[in-house]
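Asks: If you're matching them up, the sequences are chains U and B in order.
The opening position of the first sequence corresponds to residue 0 in numbering that gives the first Met the number 0, with each subsequent residue numbered one higher.
The opening position of the second sequence corresponds to residue 0 in numbering that gives the first Met the number 0, with each subsequent residue numbered one higher.
By construction, these hints were calculated from the structure, which means they are not laboratory data.
One should not assume that every hint holds.
Calculated Cβ distances over 10 Å to all of chain B for the following chain U residues [claimed, not checked]: (1) Lys333; (2) Pro336; (3) Asn374; (4) Val479; (5) Thr544; (6) Asn552.
Derived CB-CB ranges, DEER-like [what the hints assert, rightly or not]: (7) U:Ser265 x B:Ser73: 51 to 59 Å; (8) B:Ile46 x U:Pro468: 24 to 32 Å; (9) B:Cys37 x U:Pro468: 43 to 51 Å.
From the three backbone atoms N, C-alpha and C, an ideal C-beta is built for every residue, glycine too.
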Amino acid sequence: MKNRIKTTLKLTLICSLFFFLSCEKDLYEEQIIKQTKATSEKISINQVLSEISNPLIKDYINDVLQQELGLSQFRTSSQDYFNFIKIIKQDNYTTYSLLLNGYSDDKPYFKYFIITKEGITERAGYFKYIPDNEELVFNEKELNGKIQVLDVENNIKGETKFISSQPQPPLSTQSIDCVDTFDIITHNCTNGGNHPPGVPCGGGAINNGYYEIVVITTCTISSDYHYIAPPIDFMGVSSSTGGGYMLSQNINVLQYIFSLTEEQYSILQQCPSIVTYLENNDSSPESKILVTWALNSIIANINTTNFINEAFISLNDNGEVDFEHKIIIDKSLKDNPCLYGVYTQLGNAPTFQNYLQNFDGDFSVANLKLSADNNFQGNQLQENWDSQAITTTPENYLIKIIFNTDNTLPSSINHFPKIVTALTFVHEMIHAEIFRKLLTCSNLPNVNYTNMTNAQWVNHMNNLKNNFPGLYDYFVRYQVNSSSPTGFQHEAMAQHYRNIIKEALKQYDNNQHDDNFYETLSWFGLKNTTAWNNLSPTEKATINTNLQNIYQNEEYCN
Amino acid sequence: MRNIVINFLVLLFSFFCYAQKIERKKIYIKFNDFNLDCKYDFELKRIMNKKIMFNLCGKAILYCEKKSDTINISKLKNYKTVSLEEIEKMEKKWRIDNKKALMKKWGKLYPPYDKNSIFETSLIEIINEQQFVIYPVIWGGLNVAR
């Protein structure tokens, strides 16, 4: 025999809850806490388990839901990453919701697992919205489709049709156990003006209005002991209030995003360039493989975040990236046929690295971005205007080499023979390598001495002394206590790296010239160093004359 | 007499402590001077992402990433501006004046201090006859290798 019990099931979908005029995130969060009628936070599945006491729901989560999540394609990491949205509506009730399915071609609906808590009563079930047409995001202001409330065994306990967010008469397919009425209540903003949700308040106030979908259900509850009552109160959360479904409007990209673990997803949120890349490639299989690899690389080593973000910015801008060797070729360099041609002839990153590793086993071209600047004069200090290129100190582990392609300057690399361009590549790569060594000694994302603490400075110096004693010697002699803090690199280069330069250039042009030729070039950019000053006037004059001959006789790009 | 000696020692100690403190020197640079005299074509003031780049005619590049203040022109006389040449001299003097303090703080080998660690720099731009703007700035392009 069945007992007919009248159960009120309120399905409260708080949407458009957080419409803000301020763009400040901190303010946003503060305002949620202070001004809205409901507060929300993300909590893990374990936290949910610790906050509820109904053993049937706990068992269901542990035995059924987690198994389902484990089998699901879109949640693959550990249970710590299954985040519920917890919403407390003042002292009224608390809802925990977990999005199980976003809209896709395979599963064209939104489905949430819901737990509600009102006093000591805890209930669980599902909420499902089946839109009539393809909908990428859950838009509570324009619901056109079917809303269902289901128990944990997926039996429909309440169902109605919505047209333009207006509930229609109950459907005939509804469970015979329950009779439902659905309604949407608009809670206007109470911060002045009595605006509906989504309408900006005056004076910078936060619109704290929201929509509440109320389902009142009269049910006959089965005596089946497996049965867990459907949620008595349910608040879902709109896609616009977090959860990430707004990262892209491209359905293929969204499908890919849904397939990510929470860890991968949190990385993706920090790298909008990756989302743009997916959109540009319509989430092609190749792009997904690359992005998954990139996200996992960041998870494995968080220090690579900036490089990978910059890499995708360059890819989106038709640049080129060698992910294996961590080198970014900016579009500005790629579009310069001379620079790109020399870079290619040098053999790209791997060959380049091999050249240099022949002389220094540690040599790396990693974390480099190569670009060209047609407005070198406007972007760089006058003291650098006579340079063919500059190398910046590492910032967030990334070192940038910028070539001067500003034709208004006589120093533009475009005004030099190709062999000088090749030389400049090698010269700047050596600067980058020295910076890289300093970076490893600092154990920081940069080598900004201004911001170092005493302990960081001592650590940096000790590491430099122990790991690179030769460099340490030059650093102490020419950099510390100094007012011209970058000279030590040229001093070290003039004394110890000129052989690398010569041998790299010999390999570049197949050893077409005699040793004098390469010796002459190896001094390029290293004049005014101690090693140069130690040369006799005759030696200096010979090198200068030979250099002029190189300018006259060697091949130019144009 | 004993009190006088103690007071004198306290005073000396205070001076010693004061002398050991490494402080950034506050300086103001007038942007309009460079705007008037620059012979180059490039833009001297540009908005880049969330910061403003001020190019002092190639001689210095300064970035403002913080909030600026607009002030009545009558207050301009309260701000003594310096030229880049004067800044170079001040930098050299700062290094000499602070050498002992630097060694005391860091040891014999102390890190290279650049203009951002020596100066607290603000840029003044007169925007009209009634107002000027003060931008807190940092020096750019200091530590590049070429």
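Asks: Confirm or reject each hint.
Replies: Hints, one by one, checked against the model:
no., hint, in the structure
1, Lys333, "holds, 22 Å"
2, Pro336, "holds, 24 Å"
3, Asn374, "violated, 7 Å"
4, Val479, "violated, 5 Å"
5, Thr544, "holds, 24 Å"
6, Asn552, "holds, 26 Å"
7, U:Ser265 x B:Ser73: 51 to 59 Å, "holds, 52 Å"
8, B:Ile46 x U:Pro468: 24 to 32 Å, "violated, 46 Å"
9, B:Cys37 x U:Pro468: 43 to 51 Å, "holds, 46 Å"
Of the numbered hints given earlier, the model fails hints 3, 4 and 8; all others are met.
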